[in-house]
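On the provided structure of chain A, position chain B as indicated by the hints.
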Amino acid sequence: MNITILNGDMSATESDFSAYIERLTGKLREKHQVKLFPLNQMNIQHCSGCWNCWWKTPGKCQTNDDAESVLRSVINADFVIFASPLMAGFISSRLKRMTDRFVALLHPYIEMRNGESHHIKRYPHYPDFGVILDKEADTDEEDLEIVRDIYDRFALNFHAEQKYFKCIDNSKVEEVVNETCHY
Amino acid sequence: MKLAIINGSPRRKKSNSSILTDHFLRGYYQACTDEVPVHYLASQKRKGEGMWLFEQAETVIIIFPLYTDSMPGMVKEFFEEISKPGVILPQRIGFIVQSGFPEAIHSVFVERYLAKLVKRLKREYLGTVIKGGVEGIQIMPPGMTRKLFSRFEELGRYFAEHGTYSPAVVQALRKPYTLSVTRRFLFNLFKLTGLTNFYWNTHLKKNGAWQHRFDRPLEMAIAESR
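Residue numbers (our numbering), protein chains in the order written: chain A, 1 to 183; chain B, 1001 to 1226.
To be clear, the hints were calculated from the coordinates, so they are not data collected in a lab. As the structure is a prediction and not an experimental result, all values here were calculated from the model. Where is the CB? At the ideal position from N, CA and C, for every residue including glycine. One or more hints might be untrue.
Now the in silico label distances, taken between C-beta atoms and shown as ranges [as the list claims (entries may be wrong)]:
| no. | chain 1 | residue 1 | chain 2 | residue 2 | range |
| --- | --- | --- | --- | --- | --- |
| 1 | B | Lys1045 | A | His125 | 41 to 49 Å |
| 2 | A | Glu68 | B | Thr1178 | 31 to 39 Å |
| 3 | B | Lys1084 | A | Glu142 | 42 to 50 Å |
| 4 | A | Ser48 | B | Tyr1125 | 44 to 52 Å |
Pairs of lysine-lysine residues, derived as BS3-like cross-links and limited to a Cα-Cα distance of at most 27 Å, are as follows [unchecked claim]:
| no. | chain 1 | residue 1 | chain 2 | residue 2 |
| --- | --- | --- | --- | --- |
| 5 | B | Lys1084 | A | Lys166 |
| 6 | A | Lys166 | B | Lys1116 |
| 7 | A | Lys135 | B | Lys1119 |
Residues of chain B placed beyond 10 Å of chain A at every Cβ, according to the derived structure [as the list claims (entries may be wrong)]:
| no. | residue |
| --- | --- |
| 8 | Pro1010 |
| 9 | Arg1011 |
| 10 | Cys1032 |
| 11 | Leu1053 |
| 12 | Asp1069 |
| 13 | Ser1070 |
| 14 | Glu1080 |
| 15 | Ser1083 |
| 16 | Ile1105 |
| 17 | Gly1127 |
| 18 | Met1144 |
| 19 | Phe1149 |
| 20 | Lys1175 |
| 21 | Lys1191 |
| 22 | Leu1192 |
Chain A with its partners taken away, still in its complex shape:
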């Protein structure tokens, strides 16, 4: 299985969260092809909202940075893991900045799905995904529910399913490995 992991950790030094993601990556690599992208160490620019990836060079963002390698890995993966410590109650801006660039993976045309308008597929297959977070000191159940629900919406627009939603304080690496391999 091809697995792509996007780590949105923005810590200046090696954090417990990134150490967790490294351990997870190592374990998954025992049986699978895994690509880990430490987004904070990469040149990922903001989506400029130009829509060139939709109407000038369809499917291809014209910003010259590292995002294309991430997008290529994501769309060709069997499973994607979005990993981030929570910051101000949501995923890091680093991971959000990368996720914004996912528009290039979709088609601008709209269709009706589940009674709502959504973008049609550009690619035949979109990978299901899991979400791994680290809580802040004041994170409560409401915060987690908000993030989980937004990822469920993202799944709907991304033609995929959110398979799990975990926090590192109560999810052992082995448990995440088992669940990831199950899909």
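What follows is chain B alone, placed relative to chain A:
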């Protein structure tokens, strides 16, 4: 400074958020003469201005387009900045979220986050105005945008007079929450004629990209992806 507006659209002054802000302010200035500074988070030249405005204003409205089901990355960066200890915060914070999708349902999930963010900051939450169907307003004939723009003017005028969003206008802008059966049927009918893709097709053809509209440039052969 009573009110400041922070625009979180990457398109800055060319954004739909900017157009809606202009109409909001047109209404605002009918009832109040206080100048309302507008800062664009995407502005590279004035990077610190957003934080400065945030610390100076009594009330701040943050307007942004819905990006992959929540706020654009640069707006999230700003939220992280204002959540740091020691930042002076305005008394009241409100939001305007606009999206290309016609239904409000797409934006109500990030609305929950915005309400929680302000609660976290221990400030007064003014609410979130949600408006769908905004993509394309720059090329629509005046007759198609008249009601939208007049509602934003009304929103601004009410805000200047009462310091809050008008519940009636907020409710009107939020419609449709989801598309009615009739509207969905009409969409599917128009889809057959290609009318639903008119906006995108116009740009694709103008850019000579029509033939490539279904390209999959990042697709790799199975062996290559290993």
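Name the hints, by number, that the structure is in violation of. Violated hints (numbers, rising): 3, 4, 8, 9, 12, 13, 14, 15, 16, 21; every other hint is consistent with the structure.
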